[in-house]
Structures are given as C-alpha cells and as structure tokens.
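This note's numbering applies: residue 222 is where the sequence shown begins, and numbers increase by one.
No lab work stands behind these hints: they were computed from the structure.
Keep in mind the model is a prediction, meaning the values are calculated, not measured.
The beta carbon of each residue, even a glycine, is placed where N, CA and C say it ideally should be.
Among these hints, one or two may not hold up.
DEER-style ranges, computed between Cβ atoms [to be verified]:
id	residue 1	residue 2	range
1	ARG306	ARG226	19 to 29 Å
2	ARG293	TRP262	13 to 23 Å
3	ALA294	PRO257	29 to 39 Å
4	GLN264	TRP308	15 to 25 Å
5	ARG226	PRO275	31 to 41 Å
6	GLY227	PRO275	21 to 31 Å
7	ILE247	GLU301	32 to 42 Å
8	ALA283	ASN251	17 to 27 Å
9	TRP308	VAL237	47 to 57 Å
10	ALA288	ASP265	14 to 24 Å
11	HIS267	GLN225	15 to 25 Å
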Amino acid sequence: MHAQRGDWLVIKGPAVGKPDQRGLIIEVRNPDGTPPYVVRWPQDDHVSTVFPGPDAVVVTEAEQNAADEAERARLAAVREAIAVRHWS
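Kindly produce the complete structure, drawing on both the sequences and the hints.
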C-alpha cells in the first residue's frame with residue numbers, strides 16, 4: 222500500500238449494510254509512501270496514526286471525488302424515481 226498527502230484512506234464496512242470509513246491522509250511517515258499514515262476523520266475531525274489492515278484501500282482525491290459524485294447522482298435518481306411514482 223502506497224499513499225501521498227491528500228489521498229483518502231477507505232476502510233471497508235465491517236458487515237453488509239455498515240458504511241465504509243473514510244479519512245483524509247494528512248501525513249505519510251515514510252518517504253516511500255508506505256504506512257503509517259496520519260489521517261483526519263471528517264465525521265468527527267479526529268486525527269490518528271493508522272497502520273491500515275487488509276480491509277483498507279487508498280484512493281486519490283480525484284477517485285474519491287468521482288465516487289462522491291456517483292453517489293450524489295445515484296441519490297438524485299432515487300429521489301426522482303420516488304417523486305415520479307408519488308405523483309403518478
């Protein structure tokens with residue numbers, strides 16, 4: 222696993238239906254990009270040093286932004302389908 226400052230650490234949810242945890246990597250301790258990483262967790266603004274396990278992946282800022290946009294589009298489509306069905 223390799224990362225750089227500004228990437229996102231995504232830890233997969235522990236069970237089906239449980240959300241992933243995402244944290245912004247604000248510091249990479251090793252020059253080769255390997256762990257540990259200092260991560261800021263946006264849900265509570267907590268900062269911690271993390272040695273990611275096999276359930277974690279690193280994604281770039283662009284990849285995270287694309288995933289966020291895809292999720293917004295999916296939610297908008299669901300809302301539209303509900304509105305159309307409600308008024309039909």
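Verification of the hints:
1. ARG306 - ARG226: 19 to 29 Å: violated (45 Å)
2. ARG293 - TRP262: 13 to 23 Å: The hint (13 to 23 Å, Cβ to Cβ) holds, given that ARG293 and TRP262 are roughly 21 Å apart.
3. ALA294 - PRO257: 29 to 39 Å: holds (35 Å)
4. GLN264 - TRP308: 15 to 25 Å: Violated, at about 35 Å.
5. ARG226 - PRO275: 31 to 41 Å: violated (23 Å)
6. GLY227 - PRO275: 21 to 31 Å: holds (23 Å)
7. ILE247 - GLU301: 32 to 42 Å: holds (37 Å)
8. ALA283 - ASN251: 17 to 27 Å: holds (23 Å)
9. TRP308 - VAL237: 47 to 57 Å: violated (33 Å)
10. ALA288 - ASP265: 14 to 24 Å: Holds: the Cβ-Cβ distance is about 21 Å, inside 14 to 24 Å.
11. HIS267 - GLN225: 15 to 25 Å: Holds - the Cβ-Cβ distance for HIS267 and GLN225, about 21 Å, lies within 15 to 25 Å.
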